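Chains as they are written, first to last, in the working numbering: chain A, 542 to 996; chain B, 542 to 996.
Among these hints, one or two may not hold up.
Note that the list lumps identical chains together, so a pair holds whenever it fits in one copy or between two copies.
Simulated crosslink set (EDC-like; lysine to aspartate or glutamate; CA at most 20 Å straight-line) [unchecked claim]:
#1 Lys553 with Asp577
#2 Lys706 with Glu951
#3 Lys897 with Asp592
#4 Lys649 with Glu962
#5 Lys820 with Glu810
#6 Lys887 with Glu773
#7 Lys809 with Asp577
#8 Lys813 with Asp634
For the record, the hints were derived by calculation from the structure and aren't laboratory data.
Bear in mind that the values here come from a model prediction, so they are computed numbers and not experimental data.
There are 2 protein chains.
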Amino acid sequence: MVTIEKYIEKNKDRFLDELFGLIRIPSISSETAHKDDMYRAAEYWKKTLLDAGADRAEVMETKGHPVTYGEKIIDPEKPTVLVYAHMDVMPVDPLELWNTEPFEPVIKDGKIWARGSDDDKGQGFMHAKAFEYMVKTNSLPCNVKFMIEGEEEIGSPSLADFCIKNKEMLKSDVILISDTTMIASDTPSITSGLRGLAYWQVELTGPNRDLHSGLYGGAVANPINILCRLIEKCTDENNTVAIPGFYNNVPEIPAKEKELLAKRPFSKEQYKQAIGVEKLFGEMGYSTLERTGYRPSFDVCGIWGGFTGDGPKTVLPSKAYAKLSCRLVPGQDHNHISNLMEWYLKSIAPDAVKIKVDYLHGGQAYNCPIDHPAYIAAEKALTDVFGKKPFPVRSGGSIPIVAAFEEILEVKSILMGFGLESDAIHSPNENFPLSNFFRGIETLPRFYKYFSEIV
Amino acid sequence: MVTIEKYIEKNKDRFLDELFGLIRIPSISSETAHKDDMYRAAEYWKKTLLDAGADRAEVMETKGHPVTYGEKIIDPEKPTVLVYAHMDVMPVDPLELWNTEPFEPVIKDGKIWARGSDDDKGQGFMHAKAFEYMVKTNSLPCNVKFMIEGEEEIGSPSLADFCIKNKEMLKSDVILISDTTMIASDTPSITSGLRGLAYWQVELTGPNRDLHSGLYGGAVANPINILCRLIEKCTDENNTVAIPGFYNNVPEIPAKEKELLAKRPFSKEQYKQAIGVEKLFGEMGYSTLERTGYRPSFDVCGIWGGFTGDGPKTVLPSKAYAKLSCRLVPGQDHNHISNLMEWYLKSIAPDAVKIKVDYLHGGQAYNCPIDHPAYIAAEKALTDVFGKKPFPVRSGGSIPIVAAFEEILEVKSILMGFGLESDAIHSPNENFPLSNFFRGIETLPRFYKYFSEIV
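Looking at chain A on its own, in the form it has when it is part of the complex (with noise of 0.2 Å):
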């Protein structure tokens, strides 16, 4: 039997050739401008997984972006994999800080460079490659499903609705998922865990107008100043989130994990160079992955008010705004923690301005026992392929989707990342490596036979 390693070999530039084909589509979700990319984007998800030799496959409509769904039933009796992948990308801006063109994928120092190279065009497609290698070779163990969303990068707003009306078509005994990192490019592991999210807008409103700073500053409210003053409110001065009761039920890190998390891989010098920073700056008394992985966050993503032009116009602004963020963990409800943002923000602020906070999205923090089935076909997968064995990882990322497939459609999902955090995803020159799309290749078809042996 050609192995996974001479089947890359062969075919390669193809792969490549077809990967680049989806990343050309500027799938952007959150920009209505690009809703027809969206479906072209899931028709091309349809013809590879076709091609790649699905028995069916379509293109579903959901309340907002299209679905792709495909699949191949060798024997109904047998274990079934559902790949979950997302076709739709960030935003681009600033778009002057790219070297290359976004949606042009360019291959440069063994990278692909382009938006969605890694998240989740890149991950996703080592999968439709896997699964084409094992239908052309006859190595298949078990059936496959795939469902290619195109909302994740909005928080995932139809799928929910999509997995209940299609929960006996979805049904699976694992979710299988690349949409993450692993520590290093020797240095495999499997995420245990995601964090969840709530993400705000506040508006604050002073004056019915902008005012002349002279004329009245010192006497009205200025709505930049008060929403400056919230958001400082919101954390400490130990840089806890200063919200009463944003903790409750937050659990402190198990000593054992704590333990764990001193040996893994990490260099902080390597860490602080990565992203330009003199300092690191967080949470007090919690080590950096302790504050990613099991802490909650408070970000400010975006804020915006007055005049931003050059030069020094005075003005006392009538509006501002801030998009605000909270990564969330196991324990904390997103729909508690929404309201209770909301709350606050009300309580503190000032009657001399009008707020209005509006909940834009939210999901739940998610967990994986290391014990599962598919944890540990994952384990051995990797250990084969990078002759190490992985570490268990909690991610600070969010993928609010994956406490819902639990919910919903009651299986648990075993997240196999090949993405690396040099990727730049979400930020201009996203990048992925190749030697990680082709070893994720290779990895794939392995899990899927110990899973096969094992469940």
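Following the hints, put chain B in place on chain A, whose structure we already have.
Just chain B, lined up with the frame of chain A:
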């Protein structure tokens, strides 16, 4: 002799046509795209002065935008009034809030609607027409000089230098300025003081690129979070500026002036209604008029950073910016305050971010004694036209060059403003009541007459 009232009646349409020609030139001094418009405005003023009867008028270069100078010397032994006005205007954004085109004046509801209709094309033009009347009717009692600058809205960066170089040419007994407001259309006032100004742009840099707020959130300093913290720490819970040393040399308000202030007609309800706020907000222990007239202030004029488009993009941004301003009072030196702010912000910024503080411009506060001959002449002229003695008013606004005039030209300025607070200067839908425009023209020849008699 034809009275000024009759002269206006006969020529009012022409006066407005000529003013509208000036308004139609989009002379926004802060935007480099309008550089040529500054020359067009300067030439327009030159023609206006020559047509009105100036002996000479010319467009003079400075290191920035040009100044139009004009004069009529009837007798070197007689007193000289130097009229100062500015031909430049503020930017017009946000454009979508204007009901009419900013640079196409419209008369509606007895007002002229346009950028510059009040500040300072409308008010400046009154002086040209009052001068024209006195020349045409041979009633000019003294020498007149005009200095019309093009950089007032960006802090007059070239005018001090221009005054130093042309000190002899600009020699006068008083500088006459209409660039302020009166209390109400039936309640005249004279601006006896102006606040100074200090204006900074702050740039904070966290990571060297925008980061994924999930993977990094909680472990890396977010420059927006930090910027809000720095801004919050510029004031305290009493809305007092919290920068150590900021109030050094700020005098308490004399008991006598407090009494005069309390007598001034001022309706808190109308003030709030005019700007659409339910509550006023400012330094504890001071009234609204005290806050804007006698106390310094701290306002954020603009803020921006991170994602500001539609939807919930999660990002931990690399940069955050703010434009900060303080209005200052006599006793505070703007250069000292500039240094103080920079020192303070840098001293409280954590070293997990890089901070850059640029001083964009500043000017000193000003005070004019109410027993000065020009004040007395203005008081009489206004009493003649309005039938009421004007109140002395400390304005919250700044005309930084007025303090410089006193220092360089060694002469006091008299601030006879005919604007109203409802004129929305610096805002969308700037306007100027026709009645104020014409009563201004009526008042000014009387000022010349009384001033020449007293001096």
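Structure-based check of all given hints:
Neither within a single protomer nor between protomers do Lys553 and Asp577 lie at most 20 Å apart by alpha-carbon distance, with minima of 29 Å and 59 Å respectively. Proximity of Lys706 to Glu951 under the C-alpha cut-off of 20 Å is restricted to the intra-copy arrangement: shortest distance 14 Å within a copy versus 83 Å between copies. For the identical chains of this complex, Lys897 and Asp592 are neighbours neither inside a copy (50 Å) nor across copies (55 Å), given an alpha-carbon limit of 20 Å. For a Cα distance limit of 20 Å, the shortest separation of Lys649 from Glu962 inside one copy, 18 Å, qualifies, whereas the shortest one across copies, 61 Å, does not.
Taking the shortest alpha-carbon separations for Lys820 and Glu810, only the intra-copy value of 9 Å comes in at or below 20 Å, while the best inter-copy value is 51 Å. Taking the shortest Cα distances, Lys887 and Glu773 sit within 20 Å of each other both inside one copy (14 Å) and across copies (17 Å). In this assembly of identical chains, the alpha carbons of Lys809 and Asp577 never lie at most 20 Å apart, being 43 Å within a copy and 54 Å across copies at closest. Taking CA atoms no more than 20 Å apart as the test, Lys813 paired with Asp634 passes in neither setting, with 24 Å inside one copy and 40 Å between copies.
Violated hints, in rising order: 1, 3, 7 and 8; the structure is consistent with all others.
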